[in-house]
Every structure is written in structure tokens, then in C-alpha cells.
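> Under this note's numbering, think of the first position of the sequence shown as 1, with each following residue one higher.
Hints in this document: simulated from the structure, not taken from any laboratory.
Positions of the beta carbon are idealized from the N, C-alpha and C atoms, including for glycine.
Errors might be hidden in some of the hints.
As the list claims (entries may be wrong) - Here are the in silico distance ranges between beta carbons for each label pair:
#1 Val168 <-> Arg46: 22 to 28 Å
#2 His33 <-> Arg150: 55 to 61 Å
#3 Ala119 <-> Val168: 24 to 30 Å
#4 Ser38 <-> Thr143: 31 to 37 Å
#5 Gln44 <-> Ala210: 20 to 26 Å
#6 Glu43 <-> Lys200: 34 to 40 Å
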Amino acid sequence: MTTCNELDKRLYQYLDGELGMQENRELEEHLLHCQRCSELLQEQRRFLTVLANPTLREKGPAALRAKILTQLERKKKRRLPSLLQSPWRLACSGALVLAVLVLTLTLLPRQPRLSPFMASLAGSHQEYLQGGESLALVSSDPTVVAQWLRQQLGFNTSFPRFDDENVVLKGVRSGRFRDQPVAYVSYEVHKVPVTLVVVKKTAETDIETAQHTLVEDRRINFSQTNGFNIVSWSVCDNNFALVSHLPHKGKQGCAVCHANGSGLMDLSEFYTRT
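Take these sequences, add in the hints, and give me the full structure.
What follows is the structure, encoded as C-alpha cells:
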């Protein structure tokens, strides 16, 4: 049984997807029963989300801004005479600042941009987790869910049936993206919510990302947005995406298709190939 001290030591390995499946399972079981560690995990995820999102900016208090501007103005007035006496210093300083700025902007890592459709998936999953979206159909039967998708949204797809207590089908809900019907199939993998997204393959529902690999000539894409891991791929006329907090770039969520007894590639082999 994992203790709080052990979780503290392995938390970053867990978030980076560096632990094995058994270690992940032990940590997740501990998180279910320890509020302190669960809150610590959420805090670290929020911190990593801020680091990963260069568009987030916070404004300081107005009083602090005014104080800083006043101090800068005083410093500027003190330095002005010496700068006027040596204009070449001003030119050199400006050139140096410009060079440093250009070098910094060049070397800073850039976040790969996701398509608008991919960027929308984390928000939809988060809304479901917070209770803002309810399931249109509650069922643990893959055949019933597939039939509902066919009748309600026109998706001709099927879902594996397997006997794995760690993978539970919860049901399905629907939505739209730019007039395209979208299905959100809800699972729990090791009691962690996972959303399997199904949508018709169009130019507006592009799911390809910069980070990807090929498995049996099929492109498997990996991305992260708003703290969620997303695995996406295409089969025939449909695009699919798995959205979750699961580690290993979200690959644990692939158990919804590759769990034991599914008849598909074993999950451990899938891990090795990706």
C-alpha cells in the first residue's frame, strides 16, 4: 500500500508518466482514500497547466504597478545626465537589450498549436467532470451504446466487450462542433474518468498533432492541453480521441479498447510500440 511519503517522492514521476502500470495503480488507489494527497496532486496539475500555457497572464495590483513606475522614473532621472554625457553608452545598451530579447524569443520553447477541435476537447471533458454535462444514455453495454450512436448521430462504430473490472463503460452524451455531431463516450479506467470522443473525419475536426508515432501504419497522436492528456487517431471515416488525466501521455486510457479480452493488441504491447 502506497503511503503519503512514497507519493511525495514519486509524484513528479507519476505526472510525467515514468511509473509502471502497477505503481500507477497503487498510487491511484491511495489517492482515492487520501484527501491530502489528492489535493496535492490537483495543485501540481494546476501548476503544470500554467507552465504549459504561455497565454496565461496575471495582472498585478494597481498600487504595485504605480509604485514600480514611480521608482523607475526616479532611477531614470538619476541616470539621465550620465547617459547624455555618453550617448554611445545608450546606443550600446539598447543594442544589447535588443540582442538579448531576440535571442530569448528564439530559444524559448514554443507550444505546438492544436486545431480548434482538439483544443475544445479538454473543456468539454472538464465540464462533464464538474457536473455541467450529463449522460444522455447510461449503460455499461457496448452494444447498446453503439446502437444509440448509430440511431442518434449516424456513427457506424463498435466498442470492444471485455471482462476487466478496472475498465468500466458509463454511458454516452452528444454535442456539436461547428455543426458537426460529436459523441462523448464515458469510461472509468482505474476509477479515473476518461472520455472517448467520436466525430466524423473532416477538415474542421482535424486531430493530428506534432507529437505522434506509427503503430501498424496507423498514426497515433499525443498532445496535452489544460492539464489533460489527449491520444487521438483515425479509423475509416471517423476520428477518435481519448481525454483524461491518466499518465504515460494518456496511454493508460487506451485500455478502453485494448484491455485483456478485447481481441485487439494487448495494452502492454501497445505501450511498447508507442
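> Would you mind marking each hint as holding or not holding in the structure?
Hint-by-hint comparison with the structure:
For valine 168 and arginine 46, the hinted distance range of 22 to 28 Å is satisfied, since their beta carbons lie about 27 Å from each other. Distance hint for histidine 33 and arginine 150: a CB-CB separation of about 40 Å, inconsistent with the stated range 55 to 61 Å. In this structure the supplied range 24 to 30 Å holds for alanine 119 paired with valine 168, their Cβ-Cβ distance being about 28 Å. At roughly 35 Å, the beta carbons of serine 38 and threonine 143 sit within the given window of 31 to 37 Å.
Checking the proposed 20 to 26 Å range against glutamine 44 and alanine 210 shows it holds: the Cβ atoms sit about 25 Å from each other. Look at glutamate 43 against lysine 200: about 38 Å separates their beta carbons, and that is inside 34 to 40 Å.
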